[in-house]
Amino acid sequence: MGVGSQVASFCLRIGEVICAAIVAGILGYYLHLLDDANAHANGRIIYTQVIAGISILAALVFMPPLKYSFWAFPLDFALFICWIVSFGLLVDLTSSGGCHSRWYWTSWGYYWGGWYRTIPITNANQTIIGTVNCSTWRTSNAFIFIGAFLWLGSGLCGLYVCTRDRHVHREKVSRPEVRTTEA
Numbered sequence: 001m002g003v004g005s006q007v008a009s010f011c012l013r014i015g016e017v018i019c020a021a022i023v024a025g026i027l028g029y030y031l032h033l034l035d036d037a038n039a040h041a042n043g044r045i046i047y048t049q050v051i052a053g054i055s056i057l058a059a060l061v062f063m064p065p066l067k068y069s070f071w072a073f074p075l076d077f078a079l080f081i082c083w084i085v086s087f088g089l090l091v092d093l094t095s096s097g098g099c100h101s102r103w104y105w106t107s108w109g110y111y112w113g114g115w116y117r118t119i120p121i122t123n124a125n126q127t128i129i130g131t132v133n134c135s136t137w138r139t140s141n142a143f144i145f146i147g148a149f150l151w152l153g154s155g156l157c158g159l160y161v162c163t164r165d166r167h168v169h170r171e172k173v174s175r176p177e178v179r180t181t182e183a
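Mapping of the sequence shown onto this note's numbering: position 158 corresponds to residue 158, and the numbering continues sequentially without gaps.
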């Protein structure tokens, strides 16, 4: 376990915490707005919020570059898959038109823009709602994608350290020390 892999692991974990915290903050505020409007949250948003919470916890636990944190590479790969699934689920919500899709202006834009306070959902349309806070939607998707590949990087770093250490250990075991006796 070299210094380079320890530094890389620490930097990747910092990035994972930052990405997950940004996603959790944006989606948490959206869930707060839904709660204010007494509306129901989409299961995809809840899934992403849960993955963000698990990711923050896992990254903080494995942040110290100790030996055990490198052996957690299967968890890193699992969280990579979870983040990619989350990205796919959220992008699919707006796949028909991005910030001009029906889901966007009847849910994200409607609640994020505060339109639920003045216009009933039945009267909401794309011309009224527009693309308010489209940047926050795109930001959350971008940090989901970036965070996913940080988890992949952590998994690859852990896999590299574990296989390299196993190879070094195998060489030590197969080559016994030759002792010479002095006369």
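Quick caveat, the hints were computed from the structure, so don't treat them as lab data. We put the CB at the ideal spot given by N, CA and C, even for glycine. Please note that a few of the clues may not be correct.
[Unchecked claim] Estimated spans, in silico, between C-beta atoms of each pair: (1) 14 - 38: 31 to 39 angstroms; (2) 71 - 126: 18 to 26 angstroms; (3) 3 - 43: 18 to 26 angstroms; (4) 29 - 92: 42 to 50 angstroms; (5) 164 - 61: 21 to 29 angstroms.
Status of the hints after comparison with the structure:
1. 14 - 38: 31 to 39 angstroms: holds, 38 angstroms
2. 71 - 126: 18 to 26 angstroms: violated, 51 angstroms
3. 3 - 43: 18 to 26 angstroms: Given range 18 to 26 angstroms: violated, Cβ gap about 44 angstroms.
4. 29 - 92: 42 to 50 angstroms: Violated, at about 22 angstroms.
5. 164 - 61: 21 to 29 angstroms: holds, 23 angstroms
In terms of the numbered hints stated before, the structure departs from hints 2, 3 and 4, listed from lowest to highest.
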